[in-house]
Structure formats: structure tokens, C-alpha cells
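There are 2 protein chains.
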Amino acid sequence: MITRRTALSAMAAPLLAAQPGEDRVERWGVFDVKLNGPRDGNPFVDVRVSAEFRHEHRALVVDGFYDGDGTYRIRFSPDMDGEWRYTTRSNRRELDGRTGTVSCTAPAAPNHGPVVVRNTYHFGYADGTRYLPFGTTCYAWTHQPEALQEQTLATLRTAPFNKMRMCVFPKWYEYNRDEPRLYPFVNRNDYTRFDPAFWRNLESRIRQLQALGIEADLILFHPYDHWGYALMGAEADERYLRYAVARLAAYRNVWWSMANEWDLVKGKSKSEWDRYFQILQSADPYSRLCSIHHSRVMYDHGRTFLTHASIQGDEFAKTPEWRETWRKPVIFDECKYEGNIPKRWGDISAQEMTHRFWLGTVYGAYVGHGETYLDPKDVLWWSKGGALHGQSAARIAFLRQLLQAGPAEALSPLANPYYPCTAKAGECYLYYLDYHQPALADFELPAGASFIADVIDPWEMTITAAGSYSGKFTMKLPGRPHLAVRFRKAA
Amino acid sequence: MITRRTALSAMAAPLLAAQPGEDRVERWGVFDVKLNGPRDGNPFVDVRVSAEFRHEHRALVVDGFYDGDGTYRIRFSPDMDGEWRYTTRSNRRELDGRTGTVSCTAPAAPNHGPVVVRNTYHFGYADGTRYLPFGTTCYAWTHQPEALQEQTLATLRTAPFNKMRMCVFPKWYEYNRDEPRLYPFVNRNDYTRFDPAFWRNLESRIRQLQALGIEADLILFHPYDHWGYALMGAEADERYLRYAVARLAAYRNVWWSMANEWDLVKGKSKSEWDRYFQILQSADPYSRLCSIHHSRVMYDHGRTFLTHASIQGDEFAKTPEWRETWRKPVIFDECKYEGNIPKRWGDISAQEMTHRFWLGTVYGAYVGHGETYLDPKDVLWWSKGGALHGQSAARIAFLRQLLQAGPAEALSPLANPYYPCTAKAGECYLYYLDYHQPALADFELPAGASFIADVIDPWEMTITAAGSYSGKFTMKLPGRPHLAVRFRKAA
Chain A
3 MITRRTALSA
13 MAAPLLAAQP
23 GEDRVERWGV
33 FDVKLNGPRD
43 GNPFVDVRVS
53 AEFRHEHRAL
63 VVDGFYDGDG
73 TYRIRFSPDM
83 DGEWRYTTRS
93 NRRELDGRTG
103 TVSCTAPAAP
113 NHGPVVVRNT
123 YHFGYADGTR
133 YLPFGTTCYA
143 WTHQPEALQE
153 QTLATLRTAP
163 FNKMRMCVFP
173 KWYEYNRDEP
183 RLYPFVNRND
193 YTRFDPAFWR
203 NLESRIRQLQ
213 ALGIEADLIL
223 FHPYDHWGYA
233 LMGAEADERY
243 LRYAVARLAA
253 YRNVWWSMAN
263 EWDLVKGKSK
273 SEWDRYFQIL
283 QSADPYSRLC
293 SIHHSRVMYD
303 HGRTFLTHAS
313 IQGDEFAKTP
323 EWRETWRKPV
333 IFDECKYEGN
343 IPKRWGDISA
353 QEMTHRFWLG
363 TVYGAYVGHG
373 ETYLDPKDVL
383 WWSKGGALHG
393 QSAARIAFLR
403 QLLQAGPAEA
413 LSPLANPYYP
423 CTAKAGECYL
433 YYLDYHQPAL
443 ADFELPAGAS
453 FIADVIDPWE
463 MTITAAGSYS
473 GKFTMKLPGR
483 PHLAVRFRKA
493 A
Chain B
3 MITRRTALSA
13 MAAPLLAAQP
23 GEDRVERWGV
33 FDVKLNGPRD
43 GNPFVDVRVS
53 AEFRHEHRAL
63 VVDGFYDGDG
73 TYRIRFSPDM
83 DGEWRYTTRS
93 NRRELDGRTG
103 TVSCTAPAAP
113 NHGPVVVRNT
123 YHFGYADGTR
133 YLPFGTTCYA
143 WTHQPEALQE
153 QTLATLRTAP
163 FNKMRMCVFP
173 KWYEYNRDEP
183 RLYPFVNRND
193 YTRFDPAFWR
203 NLESRIRQLQ
213 ALGIEADLIL
223 FHPYDHWGYA
233 LMGAEADERY
243 LRYAVARLAA
253 YRNVWWSMAN
263 EWDLVKGKSK
273 SEWDRYFQIL
283 QSADPYSRLC
293 SIHHSRVMYD
303 HGRTFLTHAS
313 IQGDEFAKTP
323 EWRETWRKPV
333 IFDECKYEGN
343 IPKRWGDISA
353 QEMTHRFWLG
363 TVYGAYVGHG
373 ETYLDPKDVL
383 WWSKGGALHG
393 QSAARIAFLR
403 QLLQAGPAEA
413 LSPLANPYYP
423 CTAKAGECYL
433 YYLDYHQPAL
443 ADFELPAGAS
453 FIADVIDPWE
463 MTITAAGSYS
473 GKFTMKLPGR
483 PHLAVRFRKA
493 A
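Those sequence lines, one after another, are chains A and B.
Just so it is clear: in the first sequence, position 153 is 155 by my numbering, and no numbers are missing.
Just so it is clear: in the second sequence, position 230 is 232 by my numbering, and no numbers are missing.
No wet-lab data here; the hints were simulated from the structure.
Hints should not be assumed to be uniformly reliable.
[Unchecked claim] Heads up, simulated PhoX-like pairs for lysine-lysine below, C-alpha to C-alpha not over 20 Å straight-line:
#1 B:K320 with B:K345
#2 B:K474 with B:K426
#3 A:K345 with B:K478
#4 B:K330 with B:K345
#5 B:K491 with B:K474
#6 A:K474 with A:K426
#7 B:K320 with A:K478
#8 A:K379 with B:K330
#9 B:K330 with A:K478
#10 A:K474 with A:K491
#11 B:K330 with B:K426
#12 A:K345 with B:K474
#13 A:K320 with B:K320
#14 B:K345 with A:K474
[Unchecked claim] Far from chain B by the CB rule (all over 12 Å, computed), these chain A residues:
#15 R241
#16 D316
#17 R325
#18 G341
#19 Q353
#20 A443
#21 G450
Cβ atoms here follow ideal geometry from the backbone N, Cα and C, with glycine treated the same way.
With the sequences and hints as input, model every part of the structure.
Here you go:
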């Protein structure tokens, strides 16, 4: 059986002599094979083109896409340095059997490759650099006027977020009743013809996020629709998925979120969702991270095609159990939003959002941010982007810094600690005391080693040295709530 | 069949002529029939004495008790005005067949009678006066040195609490490793002989609480023991229960809490507990309020002998379901304590305690208080009484005042409100917004009536008029968390 990742073409044509040095691409960068081809009929439907890229014993089959105006592209992202040779396959003679070579070079900073699952419950860049997801949410930012999209990027430049939840389709929902400038399809609803201008804008935004070190957690379907994109039918859905993968999968910062609130998307059965995952899995040569997000009914995050669990809710204390059940990272992508709109999901305080990031962390999860402050022009960060108005982002930056400095990718929640704690046993322990305010607290660390203690105030963003300890001990604490205590093994 | 409450003596001896005017007692007051009797043998075990009190067609059979020094008492609390005639029964001739009369008079303020269950989920005094439980906890206050007991009473004089959880037996636990001056039994552990001095002190404290308008929620068994009182065996347990009832049941402010953390009391089976409830039920002529409190395993609060559910925990949101299941009032007697000791159950902040009182209230429950601040002499309110050091008590006073002024005994939690709300439909609605901070919030009240709105800050203890509303509307709110909103029908 031939899989996308490992197939050696069963019908490889004799390759043309490679022309070394002609085309170069950085490892995990993007190389477009650009081809001119037929314009007649409907190329989006009639023409199939792909290429097999080979490097030594490795081969990847990559689908191409029609980019309009007679241009076809096969978009490739190599994961090994050296020479890759490719041969195209197409049902149209002028696109078939084309060959070429691209030389993959070592990546230059800040290219660390795609984010992958590491150490079962965590993530990391492919080059070994650490990656701790600190996501935010601007569902429809790429569908806003140009200036607003630019403002969003400017905000992100100094914000603490390194993952963005964003929809491919435009969004129709409260605070979001605007028509976008561009639609994914020609004439808005011709599901057989994609509008390259729409997709080029999306790609450009994905690349800009990448330049900022931000992963694009792309939501492929969602229920906030008045155009019909949630109800296109199986054939159009599949065509859309394949087109999105062909255009976007090569960007190393792309993650697939099959749907937001999948259980609110009417008219697709569970088996259809499963089929869409299989399409994604077979079409994506890079096996990008893949999840699905629910409203009330969880998807089975144990399914093999899901790389991590994307949770809605605030049941952080369930994370240890979920980790054991699914053996995957758990991200609370939506735990409500900091804001003040008349919605229970969009009116939590900055303190509560900060609190939730900490609770999620000590229970072994990652947590996502969003902001929903009333705005005279209805520009709410959670949907349209723009500027941040809240107070949690600064605290999230503080937490991120703090975790970046520790053994974050090795942290696991302790079983039944007195206060919730995530730890790398014997090395680092991070307790969050929540509403508890002990003036004295009992801890137990390994005996025979000394641990340096810090009292951390997640809201005031202070770290105060608090002595060193070993074994079982009682420690003086400030006696006020919402503090954290960290112990690190002395050097 | 003869029941304690309604029996007409089947073997009533001819009564002596009543001597009207000689003995008088207020309705719900306490009248002691004092008798001199045998001192030989062990009167606690050997002598049984009781009396039947009759008023018109009503009769109550009341067990007496031996009070030492040849004195026997039959302690009676009438619940109807007029003449009650009594005849004693005993297995000793000198105590048998004694008759008398007591004239029951209308109660004078502040005697409102015992607290009873009213309107299924609430409480009220027998005379119709409202009673909203706002309890606190000083488990072992009556076992402390005299001066400390007095200090506790002095504190209670200005505190907002009208119910006290307190143990009959002394307590042996962290912060409580003192021997009491008095033990319930002679020689500490002679379970066949009660020490009247111990019981007289307890009664005196119960009467003093009564004078302060405080119900004594008496805990009959508990696991914090090093004397053996938790493991006396079935015979001694029953004798103890009957003695406690004979001495204490006549005090109208007595509630029975069969046990604290019953599931931590080793060596008593569920059926033994059930039997103890039956003993209590048959021995107590007044059917005082009766509950049992758990640690991890809940008793079945649906049992008919339980008048209300005494909960440990913070699952306030479950109250509406529990109300429906048990059809009884729900009291969260322990939701952790405000304090700073190195215990998860004793280190919550004053804000959190305040928050819990509000959450419990809007979900249709009542909530109990306790305080555990470190003290150089280990005098922690929750166990020994003394002084209050925390900041929640003042906020509890504020909430109590607020509820006292409304239709509290008719409040029920709304089904699925946007924010949790308890209401008397059409009249009064109390929302608590928890960590939500909407600057605008949507509400729906009955149309065709006008409701006066107040924004309430439970921590700052402010009530701010906020206009009047009707039907469906969006209301401006301050946009900060932990506020409540009240709507009252305009006069």
C-alpha cells in the first residue's frame, strides 16, 4: 500500500537530469513548482495534478492546485536537507511527467520547523526547540478590512501568543455581521471554483504569522454561517478540504482544526467527520497537527488521526485523567473569554482568565486566550482581531516566560498533591494555590537534594525568592490567595 | 400503637387534682419536673422514669433522666398554651404515678419557638417568624476553659450567625489536643454513668445560645476522638443518645446532627446509624430538626428521619437537583473555612468564603461559616471559639440582612438562568454573577410589571439603585466581577 508519506512511485518515469543549484529551498520552507496548464472547462474540477518528491529513500506525494489564469502549483515543504527530485503526475498531458530538482538547505533562524507532539503530552519544534502553546483566538481576522488585518498583526508582534485559532471560512455571528471582501469561492457559492485571491490573502496571513512565530490553528469548518459553507455537501466539502491542504499544508505553521464546535455544525454525521479526517490524513503529506473542537459533545479525542485534544470548558482538573485516556496533549482552546459582553462565555474577568491559565498549567494542560470587550465598532479581538484591551495578556506573557525557563516539556501533573502541582520529578515543582491562602503550607520534596523556592504572584507578576528546602517541610507563605510556589533543584 | 407524640396513656392512673397556677411555663420554654428518687445501685442504668403530659387531646411522653444526688428530672417543653397535666411512670415505686399540672402561657419575645422546616426547602420559627440559617462552627467551644467559652459568647453577640455547629463530645484533632475540664461520663470512660456537671455546662451554653437567637446544631457523634467515645458500642451509644435527648431535647434551639463526617467514624455500620436515628426519632417528643454530615460518602438524605441535608463540599450548582431529589432544605454546613492554616479545608480567603455564601444562596441552598486562622495559642474559631479574625463574617451579615429583607423563604433557584439566580417568581430575583463581568447583561422578567433593580457588591457591601425594568431588556452593569443584581417588583 502506498501512503503519502513513504510511497515510492510505482510508475516513476525516467527523470530528467536534475539541474543542481537552480532551485533552492530551506528545510521546512515552501517550494512552489509552478506549471502552466489548461484554462478550459473548470480546471478546479477537471484537472488533477500532483508530484512525487524523492530524496534518497524517502518520497512524498504532494497534490497541486489550480491558482487561476492557467497557473498550477505544486507546493512542497521538504523535511530533509539535500536534493529532492520530483516528477509530476496529471490527467492532462501538459502537466504530466514534468520533472525537476530542488535543493533543500539547512534552515536559518528563526525557522525551527513545524510543531510536533513531543513527550506524549507536549509539543516541540521539529528542530528540537521548545514550543509551549500559548494560543489566542481571532476567528475571522483574515476576513476583515486590510487595515484591521494589519493592526491585528501589529498587536501580535508584542503579544505573548504563539498560536492563533482562525477560521478559513468567514464568520457570521453576533458582533460579526459583515460581509468579507473576499469569499473562498467564485461568486460566493460556486463550490466548484475557488477564488485564488481569497486563498492568497489567507496564505499571506499565514506566512506573516509564521514570521511572528505564531502557529495558525486553521479551523476548516464552523457553524457560524449564513453563506452555506457549513452545508455544502459531501462532494464540495471534500473538494474544499483537498484544495485547502494542497494550498496550505506546506506552511510549517499550519495546524488543522477540523471544526469549531463541530457538534453545532448541522447536517454532518459522525462518520462524515471521520471520513473528512481520513481525507485530511491521506492528502496532507506532512501530517500536520490535527484536532477538532466541540461545544457540548466531545469528539473522541482518542481517535488516531487526532494529534491532540482541543477542549472547550474549564474542567482543568480532569486533565490528568484525559491525558491517561488519550495519551495526547490537552489544550483548553476555549475556556471563555476575558471581556464584558452580555454573554457568559465572553465576560470573564482578567483575574479569572489568568487563574484559568494557571489552573490548566498545573493540571497538565495548555490553555488558550480570547478577548471580548465591547467596542463601538464591534471590533472584538476574539473575532476580528485589532487591539487587545484586557489585562490577562500581560499575565499570560509572564506565565509563558516562566514556563519557557523551566523543564516545561517534561512537566506532568502530580497525582493527588495537596495543592495542584505540575512537576518534573526531582527537578522542578510548580504549585498553584488557587483560592487557598495558607500562611504555612506543608510540602514534600525528594530528600537528599536541595530545592530553591520562589513564591510567584501570577497577577502582580512577581517572583520572590523564598529559601531552600528538602524532604518534608512546612513553609511560610504570604497568606493571601492566588499565589504559586515553585521549587527548583539547586544546581 | 402508641407514639411519643400523640399517645394517650393506655394505663393512665387517676390524676391528682391539678393545682392551677402553681407551675407555669412559657410555650416552647422548659419545665423540669424534679423528683427525688433512689441513689442506690447505678440510677443511670437501673432507673427508668418518664412522664406523659396531656393537654386536651394531645399527649407527649417524655423520658426523664438522673441528674445525680438522688435528683431525677423530666424535662418538658409544651407546644400548646393551657393546662398540661402529667403523670410519671417509673420502674421504681417512689418515682411512679406522680402527677402534677403545668400551665403553659403564651411566649414572650424573643421566644419564637423551635425552628422547623417550612415551604419544603426553607426553615422558619414555629410562631411564623422567619428563620434563615446562617451558621458557624465552633466544634469544641463548650469544652474550653470557662473564660474562653465566655469570650465565644461575647463574640457571638455581635456576629451574624444564628446557628452553631458544636459537638457534645470533646474533640481530639489538630489544634485541639487539650483535655477538657469535664467529661460526659464519670471517670471519663464509665459509659454507664453520666457526669451531670458536664451536661449542666452544655445545657447552660445551649440556653445562652438560645438567648442570643442561635440554634445549637448538636453533633452527637464524631470521629475526632482519643477517649473512645466514637467506639463505645451499641449499648452505650443507645444509652448516651437517650440521655442526651432526655436532657437536651426540651431546649427549643436544639437541632440534632447525628454525626460529623459519619463516614470517618469507624466501626458503625449504616444499619447502626439507621437504628440510632430511629432511637432519636422515638425518644425525641418534639421531633427536632435532624441531619447527618459526611466527609466523602454522603448519607442518603432522602431518609424520612432526616429533616434536611447537611452537606460538605462546594458543589453548590447541584443544589437544584438535590432539592428535587430529597424535597428538603439543603445546608452546606462545611464548604471549607476562611483561614490560613496548612490545610486545604482551612485556608480559603475571605473573598472565597463570601463568594461561596452567595453561590449557595443563588443555587437555593444555605451555607455555613467557619474560621481557621493560625493563633499562637491554637485558639481557632472553628474548634475552640474565641474571637473572629476574618473578613467574611461582615459580608455574611450583609447577605443575611439582604435576605431577611426579601421573600427569602419563598426563594427557589431558577431553572437554567443565564447567570445563577434565586427568585420568588414575579416578585424578587437575585442574580449572582460570579467571575462574570458583563458591562451589558440581558435579563428577562415578567412583562406587565415593573421591577426595581439594584446592583449589589457582596464584598464592598453596597447596594446601588440601577433603574427599573420590565420584560426582556439589556442592562448596563459596572463591568467588574463578583457582583449581584436584584430585581424587586415595584410596589
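Against the structure, the hints come out as follows:
| no. | hint | in the structure |
| --- | --- | --- |
| 1 | B:K320 with B:K345 | 25 Å, violated |
| 2 | B:K474 with B:K426 | 18 Å, holds |
| 3 | A:K345 with B:K478 | 13 Å, holds |
| 4 | B:K330 with B:K345 | 31 Å, violated |
| 5 | B:K491 with B:K474 | 15 Å, holds |
| 6 | A:K474 with A:K426 | 18 Å, holds |
| 7 | B:K320 with A:K478 | 36 Å, violated |
| 8 | A:K379 with B:K330 | 50 Å, violated |
| 9 | B:K330 with A:K478 | 43 Å, violated |
| 10 | A:K474 with A:K491 | 15 Å, holds |
| 11 | B:K330 with B:K426 | 18 Å, holds |
| 12 | A:K345 with B:K474 | 15 Å, holds |
| 13 | A:K320 with B:K320 | 18 Å, holds |
| 14 | B:K345 with A:K474 | 15 Å, holds |
| 15 | R241 | 41 Å, holds |
| 16 | D316 | 10 Å, violated |
| 17 | R325 | 23 Å, holds |
| 18 | G341 | 8 Å, violated |
| 19 | Q353 | 7 Å, violated |
| 20 | A443 | 5 Å, violated |
| 21 | G450 | 23 Å, holds |
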